Amino acid sequence: MKKHRFYWSICVLLTVAMTNVYVQGQPVQGQPGQPAPPPPADTSASSGSGGVSKALTELDTRALPFLSRWTVCEAQVQKIVQQYFNTAGKQPGPDLAKIAIWGEPKKTGKYEIYMIKCGAATVVKKEIEESMQAIKDLLSQPIGEDGEEKYCHDFVTQSSVGGKVPSDIQQKVGIGENNYRMPTGGRQYFSLSAFEQLLRVGSTNWWIQNIIGNDQAGYQFWNAGEAKALIRRPLINNLNDATRRVVPNLLKFHLGYSYRLNDNVDNRSILGDLVPKRKLNIAPQGRLVGGMEAFIPLGEDMKTSVFGVNVNIELPISNISEERAIDASTFTKIPLPGKNSPTWTLNSHPVADANYLFDLQGQPRNDVTTPILRTTGQVSFFYSWWLEVEGSENPPDNIFRVDVGINYTEVQDVGLVQSRSTGLQYFAYSGVKLNGGGLMNYRPESLLDWAYAKFEYRNETTYPFGASLQFSNQILMGDLYFPLLGNWMYLELKYAKVLRDPRPYEGKGEYFMFSPVFRILIPR
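Heads up: take any position in the sequence shown, counting from 1, add 1392, and you land on my numbering.
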């Protein structure tokens, strides 16, 4: 009997040794130039149970190449996973947004999860089933039966073991929920601030955006006298797995309409001194806004950098009409610059009995003008890069971008007149003479007037923050945003300083404004 037991022990040891040699000799899935490894001999293709399941229960890392692996890029799901790790006594460390999952596909369309890694902490199948059953149910189906993404994720590798799971991985794009400006995760997204209101149309790539001010020209918030309603849409998606985590789209466009703001006129300040007095206007007909942004990824893997071009054009729908009646009380009025109270004279006007606009005392006012923001636009080439992170499955944390190009900003002065017979009010500019010349039309003259440059830094972790510095129209403007409460309430600050001698409609040449930013994302 002892002899038989001895022979039997030798057989078992030889079998285990041969199995170890076989497993260690297999190529790791995903290495360049090597085919994907075949499934273990003791693993069923239909049920996915067997050697892989047993090995991962004991955290046998040799079986990891046979499993599918994906990362979570939706902040709400990330925070839930972090909470479960903390409850289980695990310490994820600082890299909370780096969550990876290893699982085996089933015929049902779900995955059997064998390991979850959150930052520096790891749990395996046994721990998951004992204390993380709820999070397992949430994570086990990244893609629904209809092919819809259940939560924002990115596949790194997909296993040939197990049943076939429907996947839209080749078509799915998006940097993930952590994109502060335009997150792709979740079922619905909405953000609200004094500077911008943004809505994604369901789970589509269509966006509706309303912007107050004209940041590109250096006139932020109320100072521009306008707001812009835009639609945004990616036209060409990036299907390259190595770069699409940071460059989800290769071509994007925006189109919309710029409309005038009627508040804060006649130099009346709103909210005390918090909001500077508005002096600029746009014409009643508004302006058309359009542009695009094209990307060319460079390099490989997470060392990728991006070169591209950005275009934004804002054109008046029509010329300033001298025949269309207006409400002069809704337009700002600027005293003429210079000494000795300069005035302008009206030589002709389409309305024959037009006269200067009367003030509250009934006296004609021909010592003020109304500045109208006309054509603006920017064309720039940009280069962006990001610091390398560990593992190609992780999106970058630190992104940098530099834009260099040209800017065009035009502001035209007009007078305000009133019909003696009807009392209706109109613009006047063609027949206006001021000290032997016409009213001012401010356009780029020097090289610095044309110059446009912008530097931007973004940190795209679980709680993103960032800053930018822009030079345009000889105005230096800085922007800073950071989280206040979780991932749903941020604070954004903007400051602009005119570097040349301020023009009459620019006041003291300094603008500052801050606003909370409320972000609401509904999980899938």
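It is worth saying that the hints were derived from the structure and are not from the lab.
Computed from a predicted model, the values in this text were never measured in an experiment.
Hints should not be assumed to be uniformly reliable.
Estimated spans, in silico, between C-beta atoms of each pair [to be verified]:
{"#": "1", "residue 1": "Trp-1842", "residue 2": "Leu-1643", "range": "24 to 34 Å"}
{"#": "2", "residue 1": "Val-1703", "residue 2": "Tyr-1651", "range": "16 to 26 Å"}
{"#": "3", "residue 1": "Met-1684", "residue 2": "Ala-1717", "range": "33 to 43 Å"}
{"#": "4", "residue 1": "Lys-1889", "residue 2": "Ser-1713", "range": "29 to 39 Å"}
The calculated BS3-like cross-link candidates involving lysine-lysine, where the alpha carbons are at most 25 Å apart (straight line), are [what the hints assert, rightly or not]:
{"#": "5", "residue 1": "Lys-1889", "residue 2": "Lys-1900"}
{"#": "6", "residue 1": "Lys-1499", "residue 2": "Lys-1471"}
{"#": "7", "residue 1": "Lys-1502", "residue 2": "Lys-1542"}
For glycine and all other residues, C-beta sits at the position ideal for the given N, C-alpha and C.
The hints, checked one at a time:
1. In this structure the supplied range 24 to 34 Å holds for Trp-1842 paired with Leu-1643, their Cβ-Cβ distance being about 26 Å.
2. Taking 16 to 26 Å as the suggested C-beta distance range, the pair Val-1703 and Tyr-1651 conforms, at roughly 22 Å.
3. Take Met-1684 and Ala-1717: their Cβ atoms lie about 37 Å apart, and the range 33 to 43 Å holds.
4. In this structure the supplied range 29 to 39 Å holds for Lys-1889 paired with Ser-1713, their Cβ-Cβ distance being about 35 Å.
5. Proximity of Lys-1889 to Lys-1900 is assessed by CA-CA distance (about 9 Å); at most 25 Å being required, the pair is judged to hold.
6. Between Lys-1499 and Lys-1471, the direct Cα distance comes to roughly 29 Å. Violation of the 25 Å bound is thereby established for this hinted pair.
7. In summary, the hint linking Lys-1502 to Lys-1542 is supported, as the alpha carbons are separated by about 11 Å, within the 25 Å threshold.
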